[in-house]
Amino acid sequence: MKKLDVRLLRMVNHSKGQFVSVTVIVAVALCIYILFSITTININNAVEQYYGETNINDIVIELMRVPQAAVDDLKSIDGISNVQGRVSVDVPLQVDDKNERVNIRIVSIPKNGGVINKLHTIKGNRSELGDDNVILLQQFANARNIEIDEVITPYINGRTHNLRVSGIAASSEYIYLMENEQSLLPALDKFGVAYVTEAFAQSVFGYRGSYNEVLIKLAEQKNIEDVIDIVEKKLDKYGLKRITKLEDQLSNNVLMQKIEGIEMMSSVLPVMFLMVAAIIISIMLSRIVNNDRMAIGVLKALGYSNYNILSHYTKYALAIGLAGSAAGITGGVLLSKPMSEVFVSYFNIPLSGIKVQYSYILNAIVLTSLFCIGSGLFGARGVIKIMPADSMRPEAPKSGKRIILERLTILWRRVSFSWKMVVRNIFRNKKRFSFLVLGLALAYGINVVPLYMMNTMVSMFELQYGEYQKMDYTINFARPLSEGKITDLSHLIKADRIEPRIEYPFELANGWRKNTVAIIGIPQETAFYKFVDKESNDVKLPDKGIFITEAIAKSLNVREGESIIVKSFLPGKKDVPLKVAGIVKQYLGANAYMNIEEMRTLLLERQMITGVSVASKDNLKEKLKDVKNITTISSVDDMKQSFVEYLDTMNLAIWMYMLFGGILGFALIYNATIISISERKMEFASLRIMGFEKKDIYSMLSKENLIMALIAIIVGVPLGAGMINGMADSFSSEMITFPVIFSPRFFIQAAAATIIFAIIAQLAALRRIYNLNFIDALKSRIS
Amino acid sequence: MQKKILMRVENLSKDYRMGEVTVNALCDASFDIYEGEFIVILGPSGSGKSTLLNIIGGMDLPTQGKVFLRDDEINKYNDRKLTAYRRDKVGFVFQFYNLMANLTAKENVELATEMCMEALNIDEVMEAVELGDRKDHFPSQLSGGEQQRVAIARAVAKNPLMLLCDEPTGALDYKTGLLILSLLHKINRQFNKTVVIITHNMAIGEMADRVIKMRSGRIVEIKENASPIPPERIEW
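Which chain is which? The protein sequence lines are A and S, in order. Letter 89 of the first sequence, counting from 1, is numbered 89 in our numbering, and no numbers are missing. Letter 163 of the second sequence, counting from 1, is numbered 163 in our numbering, and no numbers are missing.
Pulled out of the complex, with its shape left as it was, chain A reads as follows (with noise of 0.2 Å):
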């Protein structure tokens, strides 16, 4: 081995303690993308492998009834290669807790078990289905402990069915599971799939020879637009009312959802990581150059080139790149199979096609090394300014020089001695201070971010249901009903308040933008509903035109005052053209907003309703669970409890968050500490002898490291801000819209955070201080 080499060993081991500091921090870095972007390719593998598998639909169409023959008429279109028919109704489950209201859907499949969605059995066998059981799918069985041969028992019709469990199994359309767009959060126990024959379910809920939704395969994606607008001509005298391609599916979508966020993460943070890590090791080397003034010098005398030196401490930089990634990419690598296991499994895809990517070791490894040879280069740079003679001599004192804040004289006069050391320090290195502040403020705006998710989703949860919309129950009917029912249903209940409601799917258009949202249409002296603009002002729902939420006026690209038009699936009914009246906030769910009389006679039916609002302190649920007509009825109370369930989930990851935080911000400190103590043993020996005491030069330590730690705060705020508003941005989508909630209570959390590991890496540096052999180091001229 090269005797530079053999050097560079020695210096690493020397430096134990720091070299590790910083390993860690690579370490962390790639297993979190190794991590991460496995599991994501596995997850995205998966599951294309199970849309595969299953042979998903492309398109998904809602109507109100299309007879077979209409059915199979589309499949000569040209670009469509499969088309299947089904019945999908929504019904209660009646369960032994008579306060709980589980709604299950009933799906029709054809005999042989159909081309498209097909089910991926888990338990059971298919072929019994029959006039008596149904296929229950996995996570609603698993999360209410249905076993094979127990029997369910639907309400359909004013009839309670008794159906046997005949199959447990899968389906590629609900990997996610939730009822529908309003659902903020998955409830398994609450809304469940059963599939059934075709017959069955065309004989109980009268649609004999009949469907009302139909599955499309397409042969090629590039034509879904084409397709769409043809079959939309075809099916709108079946009464059309929702086509939904694949990719806006609720399952598919949020599932992407979640795959960008790991894959956001799988980016995001190793490069945070490896920023704070670049900076540590170019202060370190900057260090190490400097004490090693006259090696180099002597280097330089036996012939070695800048080129030889500079790569010699490069190597250093190297050396805790590759020995970061070795941890790192090992252990991203054990744990990418069991995390990618989890993944697979919390999104209930029953196939597995888990492999590592060996790939994405290499990007990590190239990645790490350019950062660590880049910042080891800009660190060591000072090798080409020494020159061997100048080197043999010893260093000049830096030049002492006044700082701004001693012109300030009737303040300076009052700072102590020591901390006038202090200050006077934290002046001279100016460029380190700010690197190692900049350092400091990441890593406390690091542990913001999981501070504002939790802050914010509580906030969010409370703005929409304490404040946007304020009823306690809202109840869907199975069909729409005569506004006239409002007063049979305030007989049967004890209610405060309660308010007819329509909500139905339209697709609003820009010129080529669409999106197909449910507009809800409410009196316009609502108590219940409130709706507020961007900055925040009440706003009041007008008599004519339309609010639509920010979400989807971004979708669109309209602007306050702009037309749309709202095209109806009704059939016979025509495109409306409807002004935006004005743009409302909506954290949960994308709606649109009409005056429930305008919305009536532009687009639908006098007199009609599709649900009720209500404020009630009754137990709702029990009392209307015999009533006919009521498919949902969904209160805020359940809402806040599966609310609290998710919230519970959440804390590991918010946990993580403030260790990665903390990972950082000691790894800073400790290294700041450890640097100042050998860059100035020196000025520290010489304070000794003048007669301090080792917890004075602690102190003074401490002092800079507090000062560094509060300007690193002050700077970390917008820092913190600004990656708040990132994430806001990155994590919303059309369903939900993260606000930018600056609470103080987080940014104060956070302080404290960082300060304690602050305080934690300090102590670990305490130990330097009191080894330090003051005569040795007066005497110490060689490196």
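It should be emphasised that the hints constitute simulated quantities derived from the structure, not laboratory data. Note that this is a predicted model, so its numbers are computed, not measured. The beta-carbon is built from N, C-alpha and C at its ideal position, and this holds for glycine as well. Accuracy of the hints is not assured; some may be wrong.
[Said to hold, decoys possible] Here are the simulated distance ranges between beta carbons: (1) A/682 x S/186: 35 to 43 Å; (2) A/330 x S/70: 23 to 31 Å; (3) S/140 x A/729: 17 to 25 Å; (4) A/330 x S/72: 51 to 59 Å; (5) A/418 x S/186: 52 to 60 Å; (6) A/744 x S/17: 31 to 39 Å; (7) S/23 x A/330: 51 to 59 Å.
With the hints as your guide, set chain S onto chain A.
Leaving out everything else, chain S in the frame of chain A:
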């Protein structure tokens, strides 16, 4: 016998800027160094002798004047050529030895020879400086004299044209200093290497073939020593 010129120094000057003042470290120095010669450059501290040595050794550049190695003008060398010059042509010995603290004695010597094409056998050199049994020790485990012998071995093992020694005995006691001087003398006579020593110790001048005296950056006298005395007989 005609003495061959190894190096020629012509009107060499060097100014330093120290903060806001300019220091004339070296002023119009001219002399020759012959092959196989033992030269002592004598002068009090601040007389410019280290500056002169550094420029001859390619460690520093002159403000004015020329330095020739045989017919090559080294002050015109670029950084790469200057590095090669230091690597192949000169060996340095410093007052404070300047060994790499985290390399053993032998590794310190190897550090120097790894770069050179015509390096001598390291073990032989270690024996020659009488460190055969101490070669696996780290500098901190060696005495000052031993460290300086390692430094000499490091300079010699490269097989350079000349050794440039900056106060080689400055940090050593009398007895050890004499041992080092004997060693340098042996290298000069046995290996026929040109040796240039700078020192403020007048006594050392007695063993030189020629003594160059300096004061305040100028050469004040160049004296030929008709009969240099062996180092063992020097006293101070």
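Results for each hint:
{"no.": "1", "hint": "A/682 x S/186: 35 to 43 Å", "result": "39 Å, holds"}
{"no.": "2", "hint": "A/330 x S/70: 23 to 31 Å", "result": "58 Å, violated"}
{"no.": "3", "hint": "S/140 x A/729: 17 to 25 Å", "result": "58 Å, violated"}
{"no.": "4", "hint": "A/330 x S/72: 51 to 59 Å", "result": "55 Å, holds"}
{"no.": "5", "hint": "A/418 x S/186: 52 to 60 Å", "result": "56 Å, holds"}
{"no.": "6", "hint": "A/744 x S/17: 31 to 39 Å", "result": "54 Å, violated"}
{"no.": "7", "hint": "S/23 x A/330: 51 to 59 Å", "result": "57 Å, holds"}
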